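Which chain is which? The protein sequence lines are A and B, in order.
Here the first sequence is numbered in the working numbering, starting from 1 and rising by one per residue.
Here the second sequence is numbered in the working numbering, starting from 1001 and rising by one per residue.
Some hints here could point you the wrong way.
[Unchecked claim] Think about it this way: if two alpha-carbon atoms lie no more than 20 Å apart in a straight line, the pair counts; the simulated SDA-like pairs of lysine to any residue are:
#, chain 1, residue 1, chain 2, residue 2
1, B, Lys1026, A, Ser9
2, B, Lys1037, A, Leu71
3, B, Lys1026, A, Met33
4, B, Lys1037, A, Ser133
5, B, Lys1026, A, Ser79
6, B, Lys1026, A, Asn6
7, B, Lys1026, A, Val72
8, B, Lys1026, A, Leu7
9, B, Lys1026, A, Ser133
10, B, Lys1037, A, Met69
11, B, Lys1037, A, Ser79
12, B, Lys1037, A, Leu68
13, B, Lys1026, A, Ser90
14, B, Lys1026, A, Gln8
15, B, Lys1026, A, Pro4
16, B, Lys1026, A, Pro131
17, B, Lys1026, A, Pro58
18, B, Lys1026, A, Leu71
19, B, Lys1026, A, Ser73
[Claimed, not checked] Derived contacts from chain B toward chain A, CB cut-off under 8 Å, selection only:
#, residue
20, Ala1022
21, Val1028
22, Gly1029
23, Val1031
24, Ala1035
25, Leu1036
26, Ala1057
27, Val1087
28, Leu1095
29, Glu1099
30, Leu1101
31, Thr1102
32, Arg1105
33, Gly1115
34, Gly1122
Rather than coming from a laboratory, the hints here were simulated on the basis of the structure.
The structure displayed is predicted, hence computed values, not measured ones.
Quick reminder that beta carbons are idealized off the backbone N, C-alpha and C, glycines included.
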Amino acid sequence: MTSPRNLQSRTYAMLVPVILFAPLGNVLLGKGMRQTGELHSYSPAEVLAFFRSAFTSPWVWLGIACLLMFLVSYMIVLSWADYSFVMPVSAITYGVAALMGHWLLGEIVTPQRWLGVAVICFGVALVTRTPSSSRVQE
Amino acid sequence: MRTTLCLVLIVLGTSGGEVAVAHAMKQVGEVQGFALKSLLRFLRRALGQPWFWVGVALLALNFFALLALLSWANVSFVIPATALSYVTGAFAARLMLGERLTPLRWAGILLVAAGVAMVTFGG
């Protein structure tokens, strides 16, 4: 068995890829899909061409790889920690997504959105003051 | 009517799906090391859990309900569902996974839900 303290620090370490890979995957998928272009009709031929174009984009594959990495790290973290701990703490991704949008894509982030990110961070700070797993307390 | 149905499916799909995956991971047990062999064993055992697939099916349902809803409703209409799923997720963790939620954790979760609503409404 892992000691409670060790479990807690492992949980925090594993939350880093959870928090980074989700928004990164979405940004990459978004970039790939914008190059693919919009889907205009739902005829089988057009849908097929759309998917063919999407799956030849390296950005789409990079995005899928990131989202798979996210899923695996999320599963590992859930094997250690409470869902009611992991779920709110993962909301930090909204902050990371805002920063990535601001720095990488040059998006304008409204003051209200920054305020929302601040409220999320405050909420996460409260959650991290509770033990990450019910087993840690025992 | 169909909008209400989709909103219910989105909220239940997110929380139900994630709780099912979380339950499956608790069944598999803690990942002990990061050697490729032990990671692969963990993944193989996870994929063999019926609850894992229940979770994946619910998350897929949630995804399609979201796509369907977005095809006729405004994005801002969908946002309360995203924020609400943090609260339903907390209830599901308590009722279905038997997790103990202290008042401090509840306060944090409610703040996160409020913040998510602000981020998504704020464009």
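Self-check item: Hints violated by the structure (listed by number, smallest first)
Solution: Result: hints 3, 4, 17, 24, 25, 26, 27, 28 break, sorted rising.
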